[in-house]
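*Asks:* Starting from the known structure of chain A, fit chains B and C onto it as the hints suggest.
Spelled out from the first residue to the last, the chains are:
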Amino acid sequence: MKSSKILAASLAGVAALSLAACSETSASGGSFRAANTTMVVPFAAGGGSDVSGRTVAQGLEAATGVNITAENREGGNGAVGYSYFLGQQGNGNTLLAAETSLLTLPIAQDVEFDYTSFTPIMKLGDDYTLMVVRADSPYTTCDQVVEAARTERVVAAVSGAVSLDEVVFSLVEQDQGVEFDRVPYESGGEVVAGLLGEQVDIASLNPSEVVGQLESGDMRALCAFSEERYAYEELADIPTAGEQGINVAFAQFRGFIAPGGIPEDATTFWIDAAEDFAESEEYKAYIEDNYMQPNVAYGDEFADYLGTASTELEAVFAK
Amino acid sequence: MLDNLLLGFQTAMTWENLVWCLVGVLLGTVIGLLPGLGSTTGVAVLLPLTFTFEPVTALIMLAGIYYGAQYGGTITSVLIATPGEAASVVTTLDGYQMAKQGRAGAALAIAAIGSFIAAIISLALLMGLAPPLAGLALEFGPAENLAIMILGLVIVVSFQGGAFVRGALMAAAGLLLATVGIAAGSGEARFTFGNVDLLSGIPFVEVMIGLFALGEVFHQIRMGAEKPIRARFKDMVIRPREVAKSMPSILRGSGIGFFLGMLPGAGSTLASFISYGIERRVSRNRDNFGKGAIEGVASPESANNAAANANFVPTLALGIPGGATTAVLLGAFTIYGLQPGPLLFEQQPDLVWGLLVSFFVGNVLLLVLNLPLAPVFAQMLRIPYGYLYPLIILTSCIGAYSVSNNMFSVWVVLIFGVIGFVLKELDLPIAPLVLGLVLGPLFEKALVQTSAVGDGSLAVLFTRPIALGILVCAAALIAVPRITGALLKGRKENQKESVTQ
Amino acid sequence: MTRTLRNARIAASAVLAALGAAACVGGLGYGLENEDGAVGTGLLPAASGALIAVLALVDLAQQLLAARRAPASADADINAANGSGVALLIADGETGGPTDGIDVLGRTPRQRNRNLVVVLALVFAAALLVPFSGLLIAMGLLILAITIGVERMRPLSAVAVTAVALACVWLVFAQGLRVPFPTGMLGLI
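Quick note, the sequences are listed as chains A, B and C, same order. The numbering of the first sequence is the numbering used here, which starts it at 1 and goes up by one. The numbering of the second sequence is the numbering used here, which starts it at 1001 and goes up by one. The numbering of the third sequence is the numbering used here, which starts it at 2001 and goes up by one.
One chain only, chain A, in its complex shape (with noise of 0.2 Å):
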């Protein structure tokens, strides 16, 4: 079963090889030519991946008027879709919508690729966290949260071992030399039900998954892990964690990215696209429905910033 995946992947990538070279050679001057495109998404639909993956596939397609579709092949936080993509080797036909999973599985996980397998095309934006407590809770600042941890048994959700908010929580336990005990949740939802049911004293979560609740009044947010204060009306009170001495900033990042190997107009064609795209209303509109900051980064930028995040989180796992 094993040897026989194998040799799908191996027969997948030669066919994908040979119609790279196909498609180099039929156009004697170099020029790439992008057919039907195949943007994968390596998580399930209906999720945060699958919702920026499909807005950027649509986006992409009015820049390009070339047919996108997205497809799901998710497994394993993302595993099974990167794999996947690995063999896609030199096809610039597929892109894949990346976010910070990229760079934590080849840390966490025994996986064959790392960012440099995949040649970076487009970062969308960040995705900062708040730090968030209940309505009736005693802190009302992220400081007085570890102050409190410093002498007693302070409890915070994460949605996973190697996602956003044990990031955060670990940045801040080396920053400011506290431990906070843990329990483990698996997504977002699961994290609030959690807060609102007691079982855990704080969270880090993005504005987007806890800000019908801050609205409501039921959790109060008391500081953004991020560089500078939100712009967003909602958002605008929370001070950052740097304002109170706290010197953690920390983002996830959302983009996407074709395969490793692509000849070198592809990579343009695409970056051009994606020029195109972020100038369109469709990508503001994503970015504000999501509370995310429009930093965006193309090619090389975009690669120097994947190496510089994957540094950092190397040295938060590490311990």
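Among the clues, some could well be false.
Pairs of lysine to any residue, SDA-like flavour, derived with a Cα cap of 20 Å [unchecked claim]:
| no. | chain 1 | residue 1 | chain 2 | residue 2 |
| --- | --- | --- | --- | --- |
| 1 | A | K284 | B | Y1336 |
| 2 | A | K284 | B | Q1339 |
| 3 | B | K1291 | B | I1278 |
| 4 | A | K284 | B | L1338 |
| 5 | B | K1100 | C | L2105 |
| 6 | B | K1245 | B | L1371 |
| 7 | B | K1100 | C | V2104 |
| 8 | B | K1489 | B | I1478 |
| 9 | B | K1100 | B | R1239 |
| 10 | B | K1291 | B | V1237 |
| 11 | A | K284 | A | I271 |
| 12 | B | K1100 | B | N1285 |
| 13 | A | K284 | B | F1051 |
| 14 | A | K284 | B | T1334 |
| 15 | B | K1291 | B | R1241 |
| 16 | B | K1100 | B | G1292 |
| 17 | A | K284 | B | I1335 |
| 18 | B | K1245 | B | G1292 |
| 19 | B | K1100 | C | D2103 |
Read the hints as simulated data drawn from the structure, not as lab findings. These numbers come from a predicted model, not from an experiment.
*Replies:* Showing chains B and C alone in chain A's frame:
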């Protein structure tokens, strides 16, 4: 309250919304009929179609797909013993037996009627009490969830009556299978042998297709062809007496289903298993369970549907998904620019009440469509098995592939097809295996969380009153039949002795 | 043949006991506790593995005891209790049910067992063919092989059934649901 209901009717009864509700219900039924595609995949796959709709219309259609798919899954459970999702596994136990006796039409009809009644009951509860009930659901932390899963496993293990050891054996095997992949909590990979596809664990939809659909095909090939079932029309339709007889089971199923469905997690699956297990003990017709008892179809089907509706309690009242399908629906909310959360009832009353009333409309549509269609679907069994089973193999493999777009799924189906066949031949029960596999990850998560909340100790399980109460019930379920059995035996022997004396 | 069945069950229990023990050892290797003393990665595998091993041994003991107590007909009880005694008798074939195990198509148990082996081989062969022919073509060939080779349908109607079934699948899954089926080396559909 009445104003809200009126507003709901005004929203749901527009022509546009009615039509899309019907489309959703029909598409859902078709999707549920396809192996591998249950309500979760159905909603997710068809989600992009609704991007251009008004939010309320889109949600009405998606909700229609949700409960339509559940009914479609029931049809295959009864006709070819292939459940569409974990929640309809128990329906196969008696539904398939009924089909073999030529009573598939009646089984499908009671499923439709039971689901309808359950939907109406749970809808009334949902409309009147969603916010306070959601607060109650939050009281169910990891300890309570752990306790209720233990109860579920105990009930399923005791399905088999005398074969307690074999049931427990299979449930434990299911739990063990569920440990393959990334562990809850630590995130370490377990038993994956370097295979990337195994990181996400052994996928239970594919396992179910293999165990039930292919396992049954292989079993039938070995058993040999029987004459195609020639049911008389009289047997195909349901008798009023049967509906009356099933009413207590339907009502009990609805209650259990609604309660368990409110709890975020494995609600629907547990609901159908637990309600079946309880019926098997309390129903007047309990001796016929497993041999084609109509109550054995009515009860899990009503529980399943009540749970599906109750799933919307935390979803609408708190913005916390009640199950896998409602999680996808919540994702859809953000796509339509809606903010799920506690304020949804106040900020979007037309949407919430329109959606709730559309559940009612959709269930009426399903009932009206399915009562006459039940005998028609049942005609499928007239196809000689020699023609039918190659098609079952085809749709099983194709359906499995489309779950994940991955050949790995097809291999899982084939391997578990062989395992299912072997288990059938050896008379090892399959239902506990499936429940173990479905509950495994949730069970482990609750276990890890309970011990994390208790700072390494599981004592919380015995100090929280609800959790303790549930555990006592589970213990009683194991102990009481044994004690009473021993007492009865003792009394009989006494009598015998007195007779001989 | 009930003897074979009983032996099969005993063997199955023994295999399960061994598997459970192996899983238990594997689970212990992952660690029962994490660094905070809470439930660790290995607890559930170790516990469920141990439970399987114990239960399988209990089952094994019960089987052996039953075998000793009633050497020939003990299985009838167990079968009847599980409600599928008839099925097993027919499946076992040699006991000679009411019709000597011959089904309505006149197939003997031996033929049916052979059919099963052929179908199993064909199904796995089809899955192995996928990287070369693609999924839909492999499945089409599988149905043809079963309907003609095992079920002895006339080739013409077998081809018709296959074509219609494939067309439906293609319409619903490939067109309707946009499932990207692997096309293999042929790259056709």
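*Asks:* Below or equal to 20 Å on CA atoms is what counts here, so check K284 (chain A) against T1334 (chain B).
*Replies:* Holds, at about 15 Å.
*Asks:* Is it true that the CA of K1100 (chain B) sits at most 20 Å from the CA of L2105 (chain C)?
*Replies:* 18 Å, holds
*Asks:* Assess, step by step, whether the Cα of K1291 (chain B) is no farther than 20 Å from the Cα of I1278 (chain B), and give holds or violated.
*Replies:* 16 Å, holds
*Asks:* Are the Cα atoms of K1291 (chain B) and V1237 (chain B) separated by 20 Å or less?
*Replies:* 19 Å, holds
*Asks:* Does K284 (chain A) pair with F1051 (chain B) here, judged by a C-alpha cut-off of 20 Å?
*Replies:* Distance of about 17 Å is within 20 Å: holds.
*Asks:* Could you grab the alpha-carbon distance between K1489 (chain B) and I1478 (chain B) and see if it respects the 20 Å cut-off?
*Replies:* Within the cut-off at roughly 17 Å; holds.
*Asks:* Take the C-alpha atoms of K284 (chain A) and I1335 (chain B), compute the straight-line distance between them, and say whether it is at most 20 Å.
*Replies:* 14 Å, holds
*Asks:* Does the alpha-carbon distance linking K1245 (chain B) and G1292 (chain B) stay inside the 20 Å limit?
*Replies:* 14 Å, holds
*Asks:* Check whether the Cα positions of K284 (chain A) and I271 (chain A) lie no farther apart than 20 Å.
*Replies:* Holds - the C-alpha atoms of I271 (chain A) and K284 (chain A) are around 18 Å apart, at most 20 Å.
*Asks:* Below or equal to 20 Å on CA atoms is what counts here, so check K1100 (chain B) against D2103 (chain C).
*Replies:* 16 Å, holds
*Asks:* Would you check the hint for K1100 (chain B) and R1239 (chain B), treating anything up to 20 Å between C-alpha atoms as holding?
*Replies:* 18 Å, holds
*Asks:* Please verify whether K1100 (chain B) and V2104 (chain C) have alpha carbons no more than 20 Å apart.
*Replies:* 16 Å, holds
Taken one by one, the earlier hints all hold for this structure without exception.
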